[in-house]
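S.K.: Given next are the chains, with one letter for each unit.
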Amino acid sequence: MGIRRWSRVSRLVEVSDLASCREGLTRERSAWPIRVTLSGGTCGEASGSTGVLKALTTQLHKDGLAEKVHVRVTGCQGFCQEEPLLIVEPLDVLYCNVKSEDVSEIVRESLVNGRVVERLCFVDGASGRTVQRPADLPFFAKQDRELIGHNQSIDPCDIGDYIANGGYSALAHVLTSMSPEAVIEEIRASGLRGRGGGGYPTARKWEQCREASGQERYVICNADEGDPGAYMDRGLLEGNPHSILEGMMIGAYAIGSNQGYVYVRNEYPLAVAHTREAIEQAWDLGLLGERILGTDFSFDVKVARGAGAFVCGESTALMASLEGQVGEPRSKDIHTVERGYLDRPTALNNVETWANVPRIISNGSAWFAGKGTDQSKGTKIFALTGHVKNTGLVEVEMGTTLREIIFDIGGGPQNGKQIKAVQTGGPSGGCLPAALFALPVDYEALSAAGSMMGSGGMVVMDDSACMVDVARYFLKFLKDESCGKCVPCRVGTDRMLEILADFAEGRGTMEQLDTLKDLAWAVGAGSLCALGKTAPNPVLSTLRYFHDEYEAHIRDRRCPAGVCRALARYVIDPDLCADCGQCVEACPHGAILEADVYQIDQTLCEQCGLCAETCVVGAISRV
Amino acid sequence: MELSNVDTILENRGAEPFDIIEVLQDLQGLHGYLPEELLCRVSESFAVPLIEVFRLASFYRAFSLKPRGRHLVTVCLGTACHVRGAPRMLDEVVAQLDVEPGETTEDRAFTLETVNCLGACALGPIVVIDGEYHGDMSPGKLRALLGAVRDGDQAVVASV
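Those sequence lines, one after another, are chains A and B.
Yeah, the first sequence ends on 623 if you go by my numbering, and it's all consecutive.
Yeah, the second sequence ends on 160 if you go by my numbering, and it's all consecutive.
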């Protein structure tokens, strides 16, 4: 943190300075004979990228290669499960799951001798073939990585990389040759809609904010990505913070604002650090501050760290938090575009929405509108997680089907299991069954099916997931995160949770299903903000598509997936058991009895699962 | 408590309305929790009634009003971790440490917390111990990991 990895360039005083600065930066970059790119985002660091970097730096110095090889540490490149990823250019080879021990071999073989280290290449599970070039990776090849793809060529702590890649040219274009109205028109023509989940047309929001009365206006970037199972915004902010800053600057110019805020959750320490660093570097270059690039436009951005309240992702709650208050939402009778932060006109957009703005200006609205469906344009990033072979950040053109994402990009189920559902839209969304995987990702299509686009979480579940448990999980989450202001949300989610607990613990009755539906209606109808309004979705969608699982829990007192604790147990299959006795030693509760055959005493079993993990022949399972 | 650091945080604070929350974050980061004494300092420094400061400190999940242990164990309960078995990881830590989430062991060695999502979903289930991420956890691996941290802690405590 705080390590400046960029070579200083002088302040950009006028628009033409940006072009000459870019020329210099590009020349400098093309002179590097060998380039190594190491992904060091949160996933990368969690998988050991820091150690790899240290080993690489040491090895390069030892071999006298430090001057010849340029090492770039980037944010997340998207293929999170294979992190840390390491790319060698011009050899154009990608290595996966790189460890410190692999470094000397990579340096010797690939950097010195120009040979590929095959054992570190990705092996495609479907075809069994080894993939060497990053572009050939099936996970990447089927995506349209307009936004997230740039992470690969950008060190987030080096503004020079961003500029060399064409960064801030959209801003320069806007400031010199577009009126604020023309910018709004261009965004309108592109069809860009809010990526935070609501899907509100961005241009309409900006226009309303521009037309609202008041001297001071604000732009806010909502990076309080609280949906569990979603991390697209972290990927963008951590990996390419300048693209968000540039988008905010263009938006600020369009609505007539001089001050912006990035509200980012503190659970993302790298995103916070990289955004701060980016702001500082933009100030140094004169891309933030007074009279940017010699024009009349002045702008500043500050970072505010969220303090762990999910409800602060809601725009009015976020603004309350920015005002130094507790994050409680208010009624939206008066829109935040008219009276938002400090009661002044405010345009709040999500990270991904802001990141799209410079691309639209640079490539033209027709380019953006040419992608996607009738109502949903451009690309969307999803966090594809759960029970799929390939997990990570996936960017696809709107209109791509769920099946293409889960099977063609995600590689389908793990361990030969059956995928039965996908959860989209986080706690506000719903679970869609495999039968609906032909649905395209499109705001309207997903809402009609009882889920929603949401911010982009996509959790795939196979038959080892219990849908009653999933509904219970989300309700528990929402109950905990309800700010408590609206009674139907505060009390209703609690009552609904009690009913789901009854189902999961074998006390449920069929009559309770009706009560559950009544409560769901009341919570949705009687809450002020989206948290409460959409809180019933996870319950309603699972009731709609997985009614049989609820019935199994209620009528048969059985959890088909073996997840719900009170209804599940561990058993030893005597036919598979090798009589090794390792499970007896592993069990901390003395619950495994040695008789003619090994047996589990269910009264002593705490369901920790250590026995199943220990068993080498797979004779112990949870049913 | 190092008063000089507290003073530095309070003196260097910005002038935006949200800087009171920023300062609470920094103090929490510095001290591990927010004792009454610090809340009083914040109240004075910002000229905000103590009850308002307390309201902030109790509303936001990031703040703790109770002292924490020498080691912080955080179990991620995000959706992706959940479907990959996070509840069993939590059960294992609860059983090992004999504390519920939000509590600290009697010997002050461990504090157990949960988090809604760390955004490292591909590596789930995830447990973070003292800031270090441990992905692809299982009850067995977790047991070994906690044992190692405990041994290390006891060695340090014994040497003092």
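If you are wondering where the hints come from, they were derived from the structure by calculation, not from laboratory data.
No experiment lies behind these values; they were computed from the predicted model shown.
Think of the CB as a built atom: it goes at the ideal place given N, C-alpha and C, for glycine as much as any other residue.
Treat the hints with care, as some may be off.
What the hints assert, rightly or not - Calculated pairs, EDC-like style, for lysine to aspartate or glutamate (alpha carbon to alpha carbon, straight line, at most 20 angstroms):
#1 A:Lys302 / B:Asp19
#2 B:Lys141 / A:Glu89
#3 A:Lys389 / B:Glu16
#4 A:Lys99 / B:Glu132
#5 A:Lys476 / B:Asp91
#6 A:Lys99 / B:Asp136
#7 B:Lys141 / A:Asp17
#8 A:Lys476 / B:Asp26
#9 B:Lys141 / A:Glu505
#10 B:Lys141 / B:Asp107
#11 A:Lys485 / A:Glu328
#12 A:Lys417 / B:Asp136
#13 B:Lys66 / B:Asp130
#14 A:Lys479 / B:Glu100
#15 A:Lys302 / B:Glu16
#16 A:Lys417 / A:Glu613
#17 A:Lys302 / B:Glu132
#18 A:Lys479 / B:Glu113
#19 A:Lys54 / B:Glu16
#20 A:Lys479 / A:Asp575
#21 A:Lys302 / B:Asp26
#22 A:Lys476 / A:Glu444
#23 A:Lys62 / A:Asp92
#24 A:Lys302 / A:Glu323
#25 A:Lys485 / B:Glu52
#26 A:Lys417 / A:Glu444
#27 A:Lys533 / A:Asp463
#28 A:Lys476 / B:Glu100
#29 A:Lys302 / B:Glu22
Unchecked claim - With beta-carbon atoms standing in for the labels, derived distance ranges:
#30 B:Asp98 / A:Gln602: 37 to 47 angstroms
#31 B:Gln154 / A:Ser30: 55 to 65 angstroms
#32 B:Gln154 / A:Asp494: 40 to 50 angstroms
#33 A:Val487 / B:Glu52: 37 to 47 angstroms
#34 A:Gln602 / B:Asp136: 24 to 34 angstroms
#35 A:Asp514 / B:Arg13: 35 to 45 angstroms
#36 B:Pro101 / A:Val487: 21 to 31 angstroms
#37 A:Glu338 / B:Asp98: 46 to 56 angstroms
#38 A:Gln602 / B:Gly152: 28 to 38 angstroms
#39 B:Gly152 / A:Gly364: 56 to 66 angstroms
#40 A:Gly526 / B:Glu37: 25 to 35 angstroms
S.K.: Decide, hint by hint, whether the structure agrees.
M.R.: Results for each hint:
Between A:Lys302 and B:Asp19 the CA atoms are separated by roughly 11 angstroms; this keeps the pair inside 20 angstroms, and the hint holds. The suggested pairing of B:Lys141 with A:Glu89 is violated, with an alpha-carbon distance near 37 angstroms, which exceeds 20 angstroms. With a C-alpha separation of about 46 angstroms, the suggested pair A:Lys389 and B:Glu16 falls outside the 20 angstroms cut-off, and the hint is violated. Taking the CA atoms of A:Lys99 and B:Glu132, the gap is near 17 angstroms; set against the 20 angstroms cutoff, the hint holds.
Among the hinted pairs, A:Lys476 with B:Asp91 is consistent with the structure: their alpha-carbon atoms are about 17 angstroms apart, no more than 20 angstroms. At roughly 16 angstroms between alpha-carbon atoms, A:Lys99 and B:Asp136 fall within 20 angstroms of each other, so this suggested pair holds. Between B:Lys141 and A:Asp17 the alpha-carbon distance is near 56 angstroms, which puts this suggested pair outside the 20 angstroms criterion. Restraint check for A:Lys476 and B:Asp26: the C-alpha separation of about 30 angstroms exceeds 20 angstroms, so the hint is violated.
Between B:Lys141 and A:Glu505 the alpha-carbon distance is near 28 angstroms, which puts this suggested pair outside the 20 angstroms criterion. Straight-line distance between C-alpha atoms of B:Lys141 and B:Asp107 comes to about 23 angstroms, which puts the hinted pair past the 20 angstroms bound. With a C-alpha separation of about 7 angstroms, the suggested pair A:Lys485 and A:Glu328 falls inside the 20 angstroms cut-off, and the hint holds. Restraint check for A:Lys417 and B:Asp136: the C-alpha separation of about 19 angstroms stays at or below 20 angstroms, so the hint holds.
Our distance criterion of 20 angstroms between C-alpha atoms is met by B:Lys66 and B:Asp130, whose separation comes to about 18 angstroms. Using a Cα cut-off of 20 angstroms, the hinted pair A:Lys479 and B:Glu100 holds, with the two alpha carbons roughly 18 angstroms apart. At roughly 9 angstroms between alpha-carbon atoms, A:Lys302 and B:Glu16 fall within 20 angstroms of each other, so this suggested pair holds. As the CA atoms of A:Lys417 and A:Glu613 are separated by approximately 19 angstroms, the hinted pair is consistent with the 20 angstroms bound.
Under the criterion of a C-alpha separation no larger than 20 angstroms, the hint pairing A:Lys302 with B:Glu132 is inconsistent with the structure, at around 28 angstroms. A C-alpha spacing of about 18 angstroms is found between A:Lys479 and B:Glu113, which places the hinted pair at or below 20 angstroms, so the restraint holds. Taking the CA atoms of A:Lys54 and B:Glu16, the gap is about 39 angstroms. The hint is violated against a cut of 20 angstroms. A hinted pair counts as satisfied when its Cα atoms are at most 20 angstroms apart, and A:Lys479 with A:Asp575 does not qualify at roughly 45 angstroms.
Using a Cα cut-off of 20 angstroms, the hinted pair A:Lys302 and B:Asp26 holds, with the two alpha carbons roughly 16 angstroms apart. Between the alpha carbons of A:Lys476 and A:Glu444 the distance comes to roughly 27 angstroms, so the proposed pair goes past 20 angstroms and is violated. Taking the CA atoms of A:Lys62 and A:Asp92, the gap is about 24 angstroms. The hint is violated against a cut of 20 angstroms. As the CA atoms of A:Lys302 and A:Glu323 are separated by approximately 13 angstroms, the hinted pair is consistent with the 20 angstroms bound.
Note on A:Lys485 and B:Glu52: the hinted pairing holds, with a Cα-Cα distance of about 17 angstroms set against a maximum of 20 angstroms. Simply put, A:Lys417 and A:Glu444 have alpha-carbon atoms about 31 angstroms apart, too far for the 20 angstroms limit, and the pair is violated. In summary, the hint linking A:Lys533 to A:Asp463 is not supported, as the alpha carbons are separated by about 29 angstroms, beyond the 20 angstroms threshold. This hinted pair checks out: A:Lys476 and B:Glu100 have alpha carbons roughly 16 angstroms apart, not beyond 20 angstroms.
For the given pair, A:Lys302 sits about 12 angstroms from B:Glu22 by alpha-carbon distance, which is consistent with the 20 angstroms threshold. Checking the proposed 37 to 47 angstroms range against B:Asp98 and A:Gln602 shows it is violated: the Cβ atoms sit about 23 angstroms from each other. Range check, B:Gln154 to A:Ser30: Cβ separation about 56 angstroms, and the 55 to 65 angstroms hint holds. Separation of B:Gln154 from A:Asp494 is about 41 angstroms and conforms to the stated range, judged on CB atoms against 40 to 50 angstroms.
Checked against the hint of 37 to 47 angstroms, the pair A:Val487 and B:Glu52 fails, with Cβ atoms roughly 24 angstroms apart. At about 29 angstroms, the CB distance of A:Gln602 to B:Asp136 agrees with the hint of 24 to 34 angstroms. A hinted range of 35 to 45 angstroms is violated for the C-beta pair A:Asp514 and B:Arg13, which are about 54 angstroms apart. Range check, B:Pro101 to A:Val487: Cβ separation about 26 angstroms, and the 21 to 31 angstroms hint holds.
At about 54 angstroms, the CB distance of A:Glu338 to B:Asp98 agrees with the hint of 46 to 56 angstroms. Checked against the hint of 28 to 38 angstroms, the pair A:Gln602 and B:Gly152 passes, with Cβ atoms roughly 36 angstroms apart. At about 59 angstroms, the beta-carbon gap between B:Gly152 and A:Gly364 stays in the expected band of 56 to 66 angstroms. For the pair A:Gly526 and B:Glu37, the beta carbons lie near 42 angstroms from each other, so the given range of 25 to 35 angstroms is not met.
Checked against the numbered hints given earlier, this structure breaks hints 2, 3, 7, 8, 9, 10, 17, 19, 20, 22, 23, 26, 27, 30, 33, 35, 40; the rest are met.
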